[in-house]
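Participant: Sequence:
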Amino acid sequence: MSALRAIGARIAAHPVLAFWSFFAVFPFIVPNRTMATQVLIFGLLAMGFNLLYGYTGLLSFGHAAYYGLGAYGCGIALAKLHVGSLWLGLVAGLLLAGLGGLIIGFFCLRRRGIYFAMLTLAFAQMLYFIGFHLADWTGGDDGLRGIPQLALGVGPWHYQIDTTIAFYYFAFVLVGFAVLALRRILSSPFGAVLQAIRENSSRAEACGYDVNRVKHLSFVFSAGFAGLAGSLDALRLTVVPVESLYWTTSGQVVMMTLLGGSGTFFGPFVGAATFLVLEERLSLVLESWPLVIGAIFSAFVLFLPKGIWGTLTGGIHGRQSA
Numbered sequence: 530m531s532a533l534r535a536i537g538a539r540i541a542a543h544p545v546l547a548f549w550s551f552f553a554v555f556p557f558i559v560p561n562r563t564m565a566t567q568v569l570i571f572g573l574l575a576m577g578f579n580l581l582y583g584y585t586g587l588l589s590f591g592h593a594a595y596y597g598l599g600a601y602g603c604g605i606a607l608a609k610l611h612v613g614s615l616w617l618g619l620v621a622g623l624l625l626a627g628l629g630g631l632i633i634g635f636f637c638l639r640r641r642g643i644y645f646a647m648l649t650l651a652f653a654q655m656l657y658f659i660g661f662h663l664a665d666w667t668g669g670d671d672g673l674r675g676i677p678q679l680a681l682g683v684g685p686w687h688y689q690i691d692t693t694i695a696f697y698y699f700a701f702v703l704v705g706f707a708v709l710a711l712r713r714i715l716s717s718p719f720g721a722v723l724q725a726i727r728e729n730s731s732r733a734e735a736c737g738y739d740v741n742r743v744k745h746l747s748f749v750f751s752a753g754f755a756g757l758a759g760s761l762d763a764l765r766l767t768v769v770p771v772e773s774l775y776w777t778t779s780g781q782v783v784m785m786t787l788l789g790g791s792g793t794f795f796g797p798f799v800g801a802a803t804f805l806v807l808e809e810r811l812s813l814v815l816e817s818w819p820l821v822i823g824a825i826f827s828a829f830v831l832f833l834p835k836g837i838w839g840t841l842t843g844g845i846h847g848r849q850s851a
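Under the working numbering, the residues of the sequence shown are numbered 530 to 851, in order.
Since the hints were derived computationally from the structure, they do not count as laboratory data.
Please read all numbers here as calculations on a predicted model, not as lab measurements.
One thing to keep in mind: the hints can contain errors.
[What the hints assert, rightly or not] Here are the computed distance ranges between Cβ atoms for each label pair: (1) 816 to 684: 49 to 55 Å; (2) 683 to 559: 44 to 50 Å; (3) 559 to 738: 27 to 33 Å; (4) 728 to 817: 19 to 25 Å; (5) 559 to 613: 29 to 35 Å; (6) 678 to 728: 43 to 49 Å.
Ideal Cβ placement from N, Cα and C applies to all residues, glycine included.
When you get a sec, could you build the whole thing from the sequences and use the hints?
Facilitator: Here is the structure:
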């Protein structure tokens, strides 16, 4: 265990370099390249949740809202508005998710604790039912279909990303820049204030920080990361199911983050990989696979509360090294 912790500590010291190095070869060391892409996307989604929960101390049960808004924003821009540009579709998804975080955060942050958490869930469920009934735009129960597989335009060059490996590296680059952005956020004075709020909100306020404003910004950044994940998944699937807004998606994000280790930089990606592998393997052999995953999750919470990555890096050390 000490050797593993030493390796984890070295990785934690250079998280961005470690991410780019590991995920550059990731699709060649796993048997399923589709799952490799899923790990990137859901790791990004969990990373957004972790910014809010692990680093700011705000428990959200409604992160499906921003994931779904990002997916629908990108999908509607490409399939309904025919913007004709992959980049514009991604920007549309990112902006819609960020706007959703700005508005929902404004109301939710008026309450604390369990009331805050339940408000986030309530808003997400409201968006789910809105998406369900706006069938002309969202496809309703059938989902939003017909998202075109556009070529990736970079200056005068255009690249097709309609193969599994091509899309993986497209997602890899975007998620890599998101990881870099998170690293910059956490390494800045703003990031230090976030973690001060997590440890003691009243003390941070007494030190003169505008706690509500900082929390609100964290909410918007968190929603933006989730929205980018939703946009990427919409492009990957070429369809946006209305279930992307459902509470079960939020629950999966919470599980991924806690499995990997909340408040750690790589915990969300480790947790996403663990959850997706368990889901794929268990669903092949067991009809009641969600029950088994629930039991495994309960065991982690009880006996490994720091999560996989948090345990490997020593928990508190993992927080500080983010």
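Participant: Does each hint hold? Answer for all of them.
Facilitator: Here's how the hints hold up against the structure:
A hinted range of 49 to 55 Å holds for the C-beta pair residue 816 and residue 684, which are about 51 Å apart. At roughly 27 Å, the beta carbons of residue 683 and residue 559 sit outside the given window of 44 to 50 Å. For residue 559 paired with residue 738, a C-beta distance near 43 Å fails the hint of 27 to 33 Å. Between residue 728 and residue 817 the C-beta distance comes to about 40 Å, which lies outside the given range of 19 to 25 Å.
Judged by the Cβ atoms, the range 29 to 35 Å given for residue 559 and residue 613 holds: they are separated by roughly 34 Å. At roughly 46 Å, the beta carbons of residue 678 and residue 728 sit within the given window of 43 to 49 Å.
When the structure is compared with the earlier hints, violations turn up for hints 2, 3, 4 and for no others.
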